[in-house]
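First to last, the protein sequences are chains S and V. The numbering of the first sequence is full-length UniProt numbering, which starts it at 1 and goes up by one. The numbering of the second sequence is full-length UniProt numbering, which starts it at 1 and goes up by one.
These aren't lab readings, by the way, just hints derived from the structure by calculation. Backbone N, C-alpha and C fix where the C-beta goes; we use that ideal spot for every residue, glycine too. Misleading hints may appear alongside valid ones.
Across the chosen pairs, the derived CB separations fall in these ranges [claimed, not checked]:
(1) S/291 - V/333: 38 to 46 angstroms
(2) S/417 - V/397: 37 to 45 angstroms
(3) S/343 - V/245: 42 to 50 angstroms
(4) V/346 - S/386: 57 to 65 angstroms
Part of the chain S face toward chain V, derived, beta carbon under 7 angstroms [to be verified]:
(5) 46
(6) 50
(7) 54
(8) 56
(9) 139
(10) 301
(11) 379
With the C-beta cut set under 10 angstroms, the calculated list includes, among others, these residues of chain S facing chain V [to be verified]:
(12) 310
(13) 326
(14) 417
2 protein chains.
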Amino acid sequence: MNTPLRLGIAGLGTVGAGVVKIIARHGGLLTQRSGRPVEIAAVSARTRDKDRGVDLSPYGWEDDPVALAQRDDVNVFVELMGGSDGPAKAATEAAISAGKDVVTANKAMLALHGQALAEAAETAGRVIRFEAAVAGGIPVVKALTEGLAGNRVTRVMGVMNGTCNYILTRMEHAGLPYDTVFDEANKLGYLEADPMLDVGGIDAGHKLALLAAIAFGTQVNFHGMELEGIERISIDDIRHAADMGFRIKLLGVAQMTGRGLEQRMTPCLVPATSPLGRLENATNMVLLEGDAVGQIILRGAGAGEGPTASAVMSDILDIARGTRVPTFGQPARTLTTAPAARVSTAAPYYLRMELEDRPGALAKVAMVLGDAGISINRMRQYRHARTTAPVLVVTHKTTRDALDHARKGFAGTGVVVGEPVAIRIEDI
Amino acid sequence: MNTPLRLGIAGLGTVGAGVVKIIARHGGLLTQRSGRPVEIAAVSARTRDKDRGVDLSPYGWEDDPVALAQRDDVNVFVELMGGSDGPAKAATEAAISAGKDVVTANKAMLALHGQALAEAAETAGRVIRFEAAVAGGIPVVKALTEGLAGNRVTRVMGVMNGTCNYILTRMEHAGLPYDTVFDEANKLGYLEADPMLDVGGIDAGHKLALLAAIAFGTQVNFHGMELEGIERISIDDIRHAADMGFRIKLLGVAQMTGRGLEQRMTPCLVPATSPLGRLENATNMVLLEGDAVGQIILRGAGAGEGPTASAVMSDILDIARGTRVPTFGQPARTLTTAPAARVSTAAPYYLRMELEDRPGALAKVAMVLGDAGISINRMRQYRHARTTAPVLVVTHKTTRDALDHARKGFAGTGVVVGEPVAIRIEDI
Chain S
1 MNTPLRLGIA
11 GLGTVGAGVV
21 KIIARHGGLL
31 TQRSGRPVEI
41 AAVSARTRDK
51 DRGVDLSPYG
61 WEDDPVALAQ
71 RDDVNVFVEL
81 MGGSDGPAKA
91 ATEAAISAGK
101 DVVTANKAML
111 ALHGQALAEA
121 AETAGRVIRF
131 EAAVAGGIPV
141 VKALTEGLAG
151 NRVTRVMGVM
161 NGTCNYILTR
171 MEHAGLPYDT
181 VFDEANKLGY
191 LEADPMLDVG
201 GIDAGHKLAL
211 LAAIAFGTQV
221 NFHGMELEGI
231 ERISIDDIRH
241 AADMGFRIKL
251 LGVAQMTGRG
261 LEQRMTPCLV
271 PATSPLGRLE
281 NATNMVLLEG
291 DAVGQIILRG
301 AGAGEGPTAS
311 AVMSDILDIA
321 RGTRVPTFGQ
331 PARTLTTAPA
341 ARVSTAAPYY
351 LRMELEDRPG
361 ALAKVAMVLG
371 DAGISINRMR
381 QYRHARTTAP
391 VLVVTHKTTR
401 DALDHARKGF
411 AGTGVVVGEP
421 VAIRIEDI
Chain V
1 MNTPLRLGIA
11 GLGTVGAGVV
21 KIIARHGGLL
31 TQRSGRPVEI
41 AAVSARTRDK
51 DRGVDLSPYG
61 WEDDPVALAQ
71 RDDVNVFVEL
81 MGGSDGPAKA
91 ATEAAISAGK
101 DVVTANKAML
111 ALHGQALAEA
121 AETAGRVIRF
131 EAAVAGGIPV
141 VKALTEGLAG
151 NRVTRVMGVM
161 NGTCNYILTR
171 MEHAGLPYDT
181 VFDEANKLGY
191 LEADPMLDVG
201 GIDAGHKLAL
211 LAAIAFGTQV
221 NFHGMELEGI
231 ERISIDDIRH
241 AADMGFRIKL
251 LGVAQMTGRG
261 LEQRMTPCLV
271 PATSPLGRLE
281 NATNMVLLEG
291 DAVGQIILRG
301 AGAGEGPTAS
311 AVMSDILDIA
321 RGTRVPTFGQ
331 PARTLTTAPA
341 ARVSTAAPYY
351 LRMELEDRPG
361 ALAKVAMVLG
371 DAGISINRMR
381 QYRHARTTAP
391 VLVVTHKTTR
401 DALDHARKGF
411 AGTGVVVGEP
421 VAIRIEDI
């Protein structure tokens with residue numbers, strides 16, 4: 001019998017408990033698949049007594065995750081506490097210093113400190129694996145790092161925050177405004193303690209930044225990302241988009257351009273009949289494009305106990321099997337620092353604005369767009385029993401710069417009420 | 001600089017040439033990702049002079065693939081010749097005996113000899129990898145073997161023969177009969193030299209048998225599969241199915257049941273709005289279900305130079321990185337010999353038959369179904385300006401046995417003309 005692989009699991013929330021359950025339930029299967037027993041040496045969490053639906057008595061206990069990370073009987077430190085800094089980072093660093101491999105689900109920590117942690121791990125001859133940090137149970141990190149290793153990756157796209165997709169699809173199907181559905185989602189426990197992580201696009205942005213690093217061989221650069229949440233999406237936008245054959249998704253796109261690395265996590269209109277457009281509820285979907293493979297699509301549950309624990313187990317089993325792949329698919333020191341593209345690729349945009357309902361208003365808007373160099377594909381004015389009328393414009397391909405220019409122009413017309421909404425159309 | 005990984009590539013058809021191109025084009029990238037140069041030591045094919053769009057002059061040449069497999073300067077034998085036996089098998093065996101790792105795209109060879117080859121490789125301490133054998137560029141072998149390694153896999157399903165899906169969707173969209181579209185596909189070069197490999201479901205069946213072995217820890221058992229091709233699917237069936245909200249797919253399903261391992265590769269009706277139902281043209285789609293991860297779906301090109309070469313490269317890079325996973329995810333000697341389920345799980349069925357257009361005909365059919373214990377969900381008779389009328393029946397859940405019983409009954413009624421068509425409805 002080969003020597004067991006012994007885990008120290010820090011964090012016993014939903015995912016941590018899920019990992020413990022799988023190991024308790026599938027011990028024999030895991031041994032068969034990895035060639036060695038996978039055992040839990042010890043665990044750590046904030047409170048010891050809480051009922052987590054699993055028997056923790058067979059395992060050692062540490063109050064301090066750093067102490068857990070340093071235990072002599074631990075080979076792999078499994079970090080499931082979360083938080084970009086604080087105990088998660090301290091314990092991860094301690095684990096690496098103590099010569100342990102690390103498995104983590106912590107997208108925030110890696111998005112902000114991934115380069116330093118990866119370099120430290122490689123110096124120590126250890127690996128950091130993070131399948132569970134991106135798109136839950138979908139093995140997208142593996143598909144990109146290993147499955148597409150023979151490709152020059154051309155683009156990574158995806159819907160990677162289930163909560164946002166739940167909110168957007170629920171608004172559409174129930175005809176409910178954002179605030180109502182937000183409250184529903186909160187009551188259902190779908191939102192992070194800080195909801196901005198979800199609805200502000202930050203959580204999804206962290207995930208995209210990690211995939212972009214692997215895809216393009218660049219250092220993680222979360223701060224170089226164009227980031228916009230779904231808080232300003234109204235039920236009207238969703239309806240108007242549907243009228244034109246689109247659905248609104250919080251869509252991540254990363255691609256290398258002549259102007260640098262473009263990373264966006266923003267609401268987009270996508271064709272309603274495309275695989276992304278058809279994505280319902282909390283499901284995640286990632287599209288990977290490579291020069292040889294073309295486009296592959298992966299779809300599955302992006303969160304939840306089982307799916308996320310499944311991803312953690314995949315990393316653990318890889319380590320048990322002896323697989324050693326660098327954190328971001330190539331040695332951290334060889335990752336380049338590609339400049340962030342200052343302007344994103346041109347695209348058509350959907351614009352919605354409220355106009356004073358008086359003669360010449362529409363002409364003024366059209367003139368502003370023309371001055372900004374934006375040509376109009378479709379324009380539609382709705383009749384309403386109020387003093388303002390919503391106007392929709394679908395532009396031909398244009399840039400954010402031109403749009404910002406137009407925004408300023410709108411303010412000077414005296415007929416545009418409030419701030420226009422502009423949503424990129426990703427015609428995939 | 002680490003020692004290079006040196007390949008011997010046997011077979012320079014579309015896929016082989018594609019692999020050579022990727023290595024020539026992406027040398028630096030591959031070295032960065034795998035930590036060592038990936039080089040071609042020598043190649044082999046039936047004819048040396050043919051123009052394959054790649055410069056082969058830098059590489060050694062062997063007329064005999066067995067000699068290639070045994071070369072001292074080869075670490076990995078890349079078998080891209082095809083054919084379940086003959087040179088492919090001889091060279092693969094020679095490579096293993098000579099201590100080489102093997103990468104192959106050969107589903108037929110592995111579906112028929114996978115157990116023996118895997119055992120030989122493991123005895124020799126070598127690996128056999130076959131990502132390219134299943135679903136082209138989609139990294140489904142990796143997703144299942146590694147990504148879902150923490151799961152008890154409950155079911156594997158998929159559309160894994162692009163040619164069949166092309167034929168079925170083309171029939172539907174163009175309203176053309178099977179024979180016409182078959183000829184088209186043949187002219188387009190979509191069909192194997194022996195078309196039965198495609199339209200008879202054999203090629204897709206080979207793929208499913210390989211996935212089932214990984215999923216359930218069982219020895220590959222292609223002969224235990226229920227296999228039916230698409231040759232008997234008529235444009236009428238496709239239209240009737242569409243009327244009822246279904247599309248016809250050549251669908252593979254593998255699941256472990258109380259009665260043994262169920263493996264089917266047969267035409268099925270699937271809901272038109274499901275991800276499988278929406279699959280167009282030559283695209284492949286695989287659904288993997290695990291007890292932790294739930295259902296994940298992978299979609300992409302199932303064939304072609306780039307996608308298949310991408311999969312071959314994934315295996316090569318894994319070997320270059322030092323990844324060693326047993327052929328079927330666990331040591332070949334630990335794979336069990338699960339009995340094949342004699343009868344497949346009960347399901348609703350679509351039946352189409354031609355009835356003599358005379359009083360009492362329909363009643364006779366209904367009576368036969370009742371006698372066979374098959375209850376009717378929907379029944380529809382079409383009017384035609386001829387002496388027979390097509391009748392469609394959608395049954396409630398029933399078994400193949402009951403259907404076979406009913407078939408015999410139909411023959412005795414004297415009103416059923418020809419052989420009824422029965423297609424399983426997979427309500428996923």
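Comparing the hints with the structure gives:
For the hinted restraint 38 to 46 angstroms between residue 291 of chain S and residue 333 of chain V, the CB-CB distance of approximately 40 angstroms keeps it satisfied. A C-beta distance of roughly 59 angstroms is found between residue 417 of chain S and residue 397 of chain V, which places it outside the suggested range of 37 to 45 angstroms. About 46 angstroms separates the C-beta atoms of residue 343 of chain S and residue 245 of chain V, a value consistent with the hinted range of 42 to 50 angstroms. Range check, residue 346 of chain V to residue 386 of chain S: Cβ separation about 59 angstroms, and the 57 to 65 angstroms hint holds.
With a least beta-carbon distance of about 25 angstroms to chain V, the hint placing residue 46 of chain S at the interface is violated under the 7 angstroms criterion. Because the closest C-beta pair between residue 50 of chain S and chain V is about 22 angstroms apart, greater than 7 angstroms, the hint is violated. Checking residue 54 of chain S against chain V: minimum C-beta separation of about 14 angstroms lies over 7 angstroms; hint violated. Because the beta carbon of residue 56 of chain S sits about 19 angstroms from the nearest beta carbon in chain V, more than 7 angstroms, this interface hint is broken.
With 7 angstroms as the threshold, the beta carbon of residue 139 of chain S comes within range of chain V, its nearest partner Cβ sitting at about 3 angstroms, so the hint holds. Against a cut-off of 7 angstroms between C-beta atoms, the interface hint on residue 301 of chain S holds, since the closest Cβ of chain V lies about 5 angstroms away. Violation of the interface hint for residue 379 of chain S is found here, the shortest Cβ-Cβ separation to chain V being roughly 32 angstroms, above the 7 angstroms cut-off. Interface restraint check for residue 310 of chain S: the shortest CB-CB distance to chain V comes to about 4 angstroms, inside 10 angstroms, so the restraint holds.
Against a cut-off of 10 angstroms between C-beta atoms, the interface hint on residue 326 of chain S holds, since the closest Cβ of chain V lies about 8 angstroms away. For residue 417 of chain S, the interface hint is violated, the least distance from its beta-carbon to any beta-carbon of chain V being 40 angstroms, above 10 angstroms.
The earlier numbered hints that this structure contradicts are 2, 5, 6, 7, 8, 11 and 14.
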